[in-house]
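Produce the complete structure using the sequences and hints provided.
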Amino acid sequence: DAKTTQPNSMESNEEEPVHLPCNHSTISGTDYIHWYRQLPSQGPEYVIHGLTSNVNNRMASLAIAEDRKSSTLILHRATLRDAAVYYCILNAGGTSYGKLTFGQGTILTVHP
Amino acid sequence: NAGVTQTPKFRILKIGQSMTLQCTQDMNHNYMYWYRQDPGMGLKLIYYSVGAGITDKGEVPNGYNVSRSTTEDFPLRLELAAPSQTSVYFCASTPRRDPWETQYFGPGTRLLVL
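Just so you know, the protein sequences line up as chains A and B, in that order. All letters in the first sequence, in the order written, are residues 27 to 138 by the working numbering. All letters in the second sequence, in the order written, are residues 4 to 117 by the working numbering.
Derived from the structure by calculation, the hints contain no laboratory data. Just so you know, even glycine gets a beta-carbon here, dropped at the ideal spot from N, CA and C. Only true hints are included.
Derived DSS-like pairs (lysine-lysine); straight-line CA-CA distance at most 27 Å: (1) Lys29(A) - Lys95(A); (2) Lys47(B) - Lys12(B); (3) Lys29(A) - Lys47(B); (4) Lys60(B) - Lys29(A); (5) Lys95(A) - Lys47(B).
Just some of the chain A residues that point at chain B, by a computed CB distance under 10 Å: (6) His60; (7) Tyr113; (8) Lys125.
A few chain B residues that don't get close to chain A, going by computed Cβ distances all over 12 Å: (9) Asn4; (10) Gly19; (11) Ser21; (12) Gln25; (13) Asn31; (14) Ser72; (15) Glu75; (16) Pro78; (17) Leu81.
So, in structure tokens, the structure goes:
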């Protein structure tokens, strides 16, 4: 399975934008890039996903490099509730049967 | 629509005891998964199922068993609990295996083996 690399931790101030990077240099052409986050003492929750084009939803934006070897999750205005572990995961679908491989993720701390 | 539910929320087991972690989803999803998460680590896949009656091993299956007799339920069985199985267990489901599909996770079961 293609792997991802993320910084161990990042910090932000409340109401400022946050850019969370992810490297996936061995990504294959059909892998989708997914982001999940895990709030303290909860199960992971879906944030956003994309294939080639940048994506926006109500939670965040996803910027994907042209060569698809890296991506960035953008939280436009961080709130205290956004403090969580963020996971960047590649989903190959097909014969991987939807299995997800989690790395250690990025711990995001948001300061008031 | 409750999504993915897990019981119990927390359990303490003695070494050698057995227990079943329950997982139910009400979204009619074909694919279900069991993950474990050790402190400070990401989730690791234990077992998964692609439909009723079909299960397969994930990355860390030793010490666990699963069954899938219905679409809704995917219980995880620990036969002889060991301290190494102290962890938080998450169940998840997804409707199809397409790479754009998202997984829905339950709230987790915290297990302590002493």
